[in-house]
Amino acid sequence: MASLVGSRVERKEDKRFLTGKGRYTSDINLANQTYAIFVRSPHARAKIKKLDISKAQKSSGVVSILTGSEIAEDKIGGLIAGWAIRSEDGTEMKCPANPPLAKDIVNFVGDPVAVVIAESLEEAKVAAEKVSVDYKVLKAVTSTADAMDGDTIHEGIDKNLCFDWLLGDRQKVKEAFEKADKVISIDIINNRLIPNAMEPRACLADYNSASEEITLYTTSQNPHLSRLIMSAFGNVSPEHKLRVVAPDVGGGFGSKINVYNEDIVCSWAAKKINRAIKWVAERSESFLTDIHGRDHVTHAELAVTNDGKFLGFKNETIANLGAYARVFGTVTPTYLFGPCATGVYEIPAAYSNVKAVFTNTAPVDAYRGAGRPEATYTIERLVEKASMELGIDKTELRMKNFPTAFPFKQTLVHTVDSGDYVAGMEKAKQMADYNGYEARRKDSESRGKLRGIGVSSYFEACGIAPSAAVMSLGCGVGLWESAEVRFNPTGQVTVYTGSHSHGQSHQTTFAQIAADELGVPIENIDIVHGDTDKGTFGMGTYGSRSLTVGGIAIVNACKKIVEKGKRVTAKMLEASPEDVEFKDGEFIVAKSNKKKTIGEIAFACYLPGVRDEMKSPLPEGEEPGLKETAFFDPSNFSFPAGTHIAEVEIDPETGEVKLEKYTACDDFGRIINPMIVEGQVHGGLAQGIGQALYENAEYDETGQLMTGSYMDYTMPRADNFPEFNIGYTCTHATTNPLGVKGCGEAGAIAAPPTVMNAVIDALGGQEITMPATAEKVWKACKNLKKSNSKAA
Amino acid sequence: MKDFNYHSAKDSKEASKLSSSNSAFLAGGMTTIPSMKLGLASYKDLIDIKNIKKLSGIKVSGKSVTIGATTKHVEVANSKDVKKTIPSLANLAEGIGDPQVRNRGTIGGSVANNDPSADYPSACIALNATIHTNDRKIEASKFFKGMFETALKKGELIEAIEFQIPEKSSYQKHPNPASRYAVVGVYVAKHKKDVNVAVTGAKPCVYNDKDLSKALSNSFSSLSIQNMELDSSDMNSDIHASAEYRASLVVTQAKKAVDAC
Ligand SMILES: Cc1cc2nc3c(=O)[nH]c(=O)nc-3n(C[C@H](O)[C@H](O)[C@H](O)COP(=O)(O)OP(=O)(O)OC[C@H]3O[C@@H](n4cnc5c(N)ncnc54)[C@H](O)[C@@H]3O)c2cc1C
Chain R
171 MASLVGSRVE RKEDKRFLTG KGRYTSDINL ANQTYAIFVR SPHARAKIKK
221 LDISKAQKSS GVVSILTGSE IAEDKIGGLI AGWAIRSEDG TEMKCPANPP
271 LAKDIVNFVG DPVAVVIAES LEEAKVAAEK VSVDYKVLKA VTSTADAMDG
321 DTIHEGIDKN LCFDWLLGDR QKVKEAFEKA DKVISIDIIN NRLIPNAMEP
371 RACLADYNSA SEEITLYTTS QNPHLSRLIM SAFGNVSPEH KLRVVAPDVG
421 GGFGSKINVY NEDIVCSWAA KKINRAIKWV AERSESFLTD IHGRDHVTHA
471 ELAVTNDGKF LGFKNETIAN LGAYARVFGT VTPTYLFGPC ATGVYEIPAA
521 YSNVKAVFTN TAPVDAYRGA GRPEATYTIE RLVEKASMEL GIDKTELRMK
571 NFPTAFPFKQ TLVHTVDSGD YVAGMEKAKQ MADYNGYEAR RKDSESRGKL
621 RGIGVSSYFE ACGIAPSAAV MSLGCGVGLW ESAEVRFNPT GQVTVYTGSH
671 SHGQSHQTTF AQIAADELGV PIENIDIVHG DTDKGTFGMG TYGSRSLTVG
721 GIAIVNACKK IVEKGKRVTA KMLEASPEDV EFKDGEFIVA KSNKKKTIGE
771 IAFACYLPGV RDEMKSPLPE GEEPGLKETA FFDPSNFSFP AGTHIAEVEI
821 DPETGEVKLE KYTACDDFGR IINPMIVEGQ VHGGLAQGIG QALYENAEYD
871 ETGQLMTGSY MDYTMPRADN FPEFNIGYTC THATTNPLGV KGCGEAGAIA
921 APPTVMNAVI DALGGQEITM PATAEKVWKA CKNLKKSNSK AA
Chain X
33 MKDFNYHSAK DSKEASKLSS SNSAFLAGGM TTIPSMKLGL ASYKDLIDIK
83 NIKKLSGIKV SGKSVTIGAT TKHVEVANSK DVKKTIPSLA NLAEGIGDPQ
133 VRNRGTIGGS VANNDPSADY PSACIALNAT IHTNDRKIEA SKFFKGMFET
183 ALKKGELIEA IEFQIPEKSS YQKHPNPASR YAVVGVYVAK HKKDVNVAVT
233 GAKPCVYNDK DLSKALSNSF SSLSIQNMEL DSSDMNSDIH ASAEYRASLV
283 VTQAKKAVDA C
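The listed protein sequences derive, respectively, from chains R and X. In this text, residue positions in the first sequence follow this note's numbering: the first is 171, and each later residue adds one. In this text, residue positions in the second sequence follow this note's numbering: the first is 33, and each later residue adds one.
Simulated from the structure, these hints should not be mistaken for laboratory data. There's no promise every hint is true.
[To be verified] Here are some, though not all, of the chain R residues that point toward chain X, as calculated from beta-carbon distances under 8 Å:
id, residue
1, D754
2, T824
3, Y864
4, M881
5, T884
6, W948
[Stated by the list, open to error] As a list, the in silico DSSO-like pairs of lysine-lysine whose alpha-carbon atoms are at most 27 Å apart:
id, chain 1, residue 1, chain 2, residue 2
7, X, K42, X, K76
8, R, K228, X, K76
9, X, K69, R, K300
10, R, K946, X, K235
11, X, K45, X, K82
12, X, K69, R, K228
13, R, K295, X, K69
14, R, K225, X, K69
15, X, K34, R, K225
16, X, K222, X, K95
17, X, K34, X, K185
18, X, K115, R, K295
19, R, K730, R, K704
20, X, K235, R, K949
21, X, K85, X, K45
22, X, K76, R, K225
23, X, K76, R, K300
24, X, K76, R, K295
[Unchecked claim] Pairwise CB distance ranges, derived in the manner of DEER restraints:
id, chain 1, residue 1, chain 2, residue 2, range
25, X, P131, R, S224, 46 to 52 Å
26, X, V133, R, E243, 47 to 53 Å
27, R, A888, X, K112, 25 to 31 Å
For every residue, glycine included, the Cβ atom is placed at its ideal position computed from N, Cα and C.
Throw the hints in and build the complete structure from the sequences for me.
Here it is, written out as structure tokens:
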């Protein structure tokens, strides 16, 4: 049987999605359900002086109106930060309470203060408009850079500072800088983004008063974690009386990791009113209340020698958490960011200092890449600047500082098990025709255009988060994954995974893996996920962890099945288990050349009696059935890496930037399905290029979101991109049996610095901030013209 | 969206009669429906005019092209007659919004709405259009009064728009990357006697740029406007483009338009 791993197996989920048979949360309707509309703060920061629901309560169709007071009375817990961070001075981080419905004070536009539940959506909307809230508006704090100088948002949190965290050694860095020939420094902003999953958030909560069980259908990337948080911290219901189902989910990008206010409120309220409650976000609500991403202000320096050796690196960052710290809010700008700060280079001394601040804006949390795009942007912009200032070719300078031996022990934290950065760079250069660039630049010039080329080399730590690695950092929770592989008596297989698919194609990739491990045809394998009532506990999907953690759990569970199969075969064929080999779905006793198929073994395991045979085929002490579970906690992160090269052409008269060429050469270890990996790379690039050229979440000084719809928030479209030129190098990960790394976030990590380096190259080295909009570029072009005419 | 009454008018007369101070005509609905959904507008009555046959269609006479008010953007974009007589107008229609919008949105709705960054108003100005209503004929230069403001009276219905066929013309739009409406769009049309340079997006209302028109009437070459700098003091400024940038774009897009003529 040919191996399926490595081939472009067509997606098993496509038929469902392309024929409109997907089943998303908002497709689900329950008899007698009610509809929820949330009343949200129109102010970024205000005290609630009075909340009057009397008029709204009389509105037609209203079933119930609940506010922060009831939430508090019922002792329903708030939303939480998942990781505790300790500041450099040893103090613990400070986080405000985040009640699901605000009672006394609101902290961002969109913060919910009440829920109106009615017989129909229209009635709920009409009634919601009649809820009258008397606010005392306070001065909002919105700027990341100035947050520490603003009014105190949360009582007791001085300077709006959640923590002031350090990774690395300041003294060593100081010494390294003293030895430097040159210090390259940069001030950059990592612009705030809105994830914009295609499917807006939604939930449907149902309560069964007899079983006292709440069922919550919700748009989650990790239903088990949601249940855990809602139960342990939200106090909504004991875990065994709460079922969370995340059916088909239309994209997450991190925005659906969090348990949100609406999940908790609807679950709690469904029990209170003893009816099902449905809530579906409108796109405007998504813009305002989905978690946002990035939003860093950074000063960084690189100490170099004249011949281009890197000696030391420092990074001083202010990270905006928004109004509250949410599940991945505190870990994203620290453990996911700091350790990746030195990029793919040998830099003997380094530190990252991160001050996380609260502002009156939507909470900021993990968004595709989470921390690693911010780290990569900083180091790669800095290295590009160093190449300009030192006059050393950008690819040569990088290669000069690449590690050549693996495992590569980085200065800060990571030990990178495998990689070949030089090979990646060389292949990328060749794919991009790097050496032919000058001719293309001249051609652009002859047409009155400016051309630029940008390079970036990245690595990332994904497959989050191995317990051993994160515990050594002192950051508590490690994240493993589980799988259960169940045979039916007649030989088909159901794989239950704790990973969740919301666009990642698990149904296909995971089935390919199981098909290879078990020798069962792929059409006989079903992947089940997304329901806490099905399968064991799981951690969910984010941080490019599905394959490297969840996929390996499946491999391990399959291996246990094979082991049991060998024992049973041995008994049935009167051999010893050591003499049984398994290949392509058959258990073979080499000595006698007798065999059993895995289907036969499954049947025998479930129905061990054979007519007229007096003995069971099962070895003594062996349990009937064929079902195995595995939990996999990898020994380390996985470290994909690569080099990307972009070329842009700029029209100096309008400032429009056209991305002419984009080359991505990535090392994802072994590739299970090249077609699916390409899809992941394309999507990541679209979001990364989006950050560099188009997307920007902008608040005004009063905390109103200026980019709250697609009229103002630029989502990139297909015609914004060139044909992507994608290639791979491959070094197998040594930390898992498949040799796989992660591929989901690479594009979003590598693309922003690649594109910006190209834009800035075209602009003669002038710094501009992301996104490189036409107007900013136009201004820079004018400066360039001025300085060129001065020089002439 | 608030409740409303839906009416389908069988002719202009009925449509006009049904209208009140709390009603809107429903053509493509591409402006009306989203603003109602967002709660920015609400009406007691929506009067659908799409079933009035007379309002749709494209007619060419010797000197002009007349387009019925409910003719969709896609129909203008694909019309052989328009492509032959005023290709720039077909191009303009092709560049409006996205396929969904072009398949529903109408020329009459766009002109009646007079969005400061809509495309069609510039065509009306550049091509010396006449707006035919159920009541009278209005010259384009007197039709667009200000931001979302026109010479239409309450209940007055646009029936058709008549464009004068120019010698040469081109529309050049610098789209807002998010909405793809015009940040600045410049419609240059060279007629027998003079040149119009209609500008949308730059100011609260579409206008004919007198300085550019004059320069191009003297010499129809992009060189003649190359170094012109426009006063930006009354230009729009928002998160997408400053007034200064818009002023520069007007000249740049005008040059492109002249070169494309
Ligand atoms: C996503 C999106 C992108 C868009 N992009 C662009 C773009 O790039 N460029 C651009 O120019 N436009 C754009 N538009 C607007 C689009 O062209 C609209 O279709 C147009 O503005 C309104 O036309 P309509 O037929 O949909 O009018 P409706 O929404 O039906 O009506 C709009 C208004 O005009 C009035 N009205 C309609 N017909 C008549 C009539 N015959 N007589 C008198 N009054 C009338 C109505 O009473 C109403 O007040 C976009 C719209 C959307 C939703």
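Would you list, in rising numerical order, the hints stated earlier that this structure does not obey? 1 and 18
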